[in-house]
Amino acid sequence: NAGVTQTPKFRVLKTGQSMTLLCAQDMNHEYMYWYRQDPGMGLRLIHYSVGEGTTAKGEVPDGYNVSRLKKQNFLLGLESAAPSQTSVYFCASSPRDRGNSPLHFGNGTRLTVT
Amino acid sequence: DAKTTQPNSMESNEEEPVHLPCNHSTISGTDYIHWYRQLPSQGPEYVIHGLTSNVNNRMASLAIAEDRKSSTLILHRATLRDAAVYYCILSTSGTYKYIFGTGTRLKVLA
Chain A
1 NAGVTQTPKF RVLKTGQSMT LLCAQDMNHE YMYWYRQDPG MGLRLIHYSV
51 GEGTTAKGEV PDGYNVSRLK KQNFLLGLES AAPSQTSVYF CASSPRDRGN
101 SPLHFGNGTR LTVT
Chain B
1 DAKTTQPNSM ESNEEEPVHL PCNHSTISGT DYIHWYRQLP SQGPEYVIHG
51 LTSNVNNRMA SLAIAEDRKS STLILHRATL RDAAVYYCIL STSGTYKYIF
101 GTGTRLKVLA
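Taken in order, these protein sequences are the chains called A and B. With my numbering applied, the first sequence corresponds to residues 1 to 114, in that order. With my numbering applied, the second sequence corresponds to residues 1 to 110, in that order.
Don't read these hints as lab results, they were simulated from the structure. Take the hints with a grain of salt, since some may be wrong.
[Stated by the list, open to error] Simulated restraints, written as ranges between beta carbons of each label pair:
1. Gly51/A / Thr26/B: 22 to 30 angstroms
2. Ile74/B / Lys57/A: 34 to 42 angstroms
3. Glu30/A / Arg81/B: 31 to 39 angstroms
4. Gly101/B / Gly63/A: 16 to 24 angstroms
5. His76/B / Pro83/A: 39 to 47 angstroms
6. Gly63/A / Lys3/B: 19 to 27 angstroms
7. Met19/A / Ser53/B: 39 to 47 angstroms
Think of the CB as a built atom: it goes at the ideal place given N, C-alpha and C, for glycine as much as any other residue.
Use the sequences and the hints to build the structure in full.
Below is the structure:
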């Protein structure tokens, strides 16, 4: 059972380039989340989704777009990368259980924008 | 969104109990209290969660105040492997977006 898988694990982009981070979960979870973590900081919520076809903004959504076309996948897009988006990105998922279930995290994607 | 407040850092001696506090004075009646920890260079890892009653599992215990405005994560015997950043977060009612704060960095002394 793979759990939450993030692709890629590492990426280096030049300013202005675009990319998509993929998060896939095989636990049939309704809720999925994208966080970013800057060095020495806590996690900040970028966007989240409470079901297929739905997305919502988190704390720091600017510069990112997301899509949840399939229940098991949650994509995070950077249309025009900036050095300020250098960070480690974590995806998480949880079942629809009114908060009574834990978040399951992926291993992260380390993104550097030069 | 309900916020949590934790001390920035704590220290403990190995094999002694550790009590990590968390304040959440604006918690609503249906918010669950979750604890996660993050080891260096890893993603967050679930530790424990609860609503009103104290909870125990193989990793830790969670003590929740009667008014639910604070909680304490208890590690019964700290080991060097417990050195991590511990996050207390709430499952915000209705939206279920989990907002992390800066957490408590636990240092375990040999």
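**Asked** When the hints from earlier in the document are held up against this structure, which numbers fail?
**Response** Checked against the structure, no hint fails, so every one of them is satisfied.
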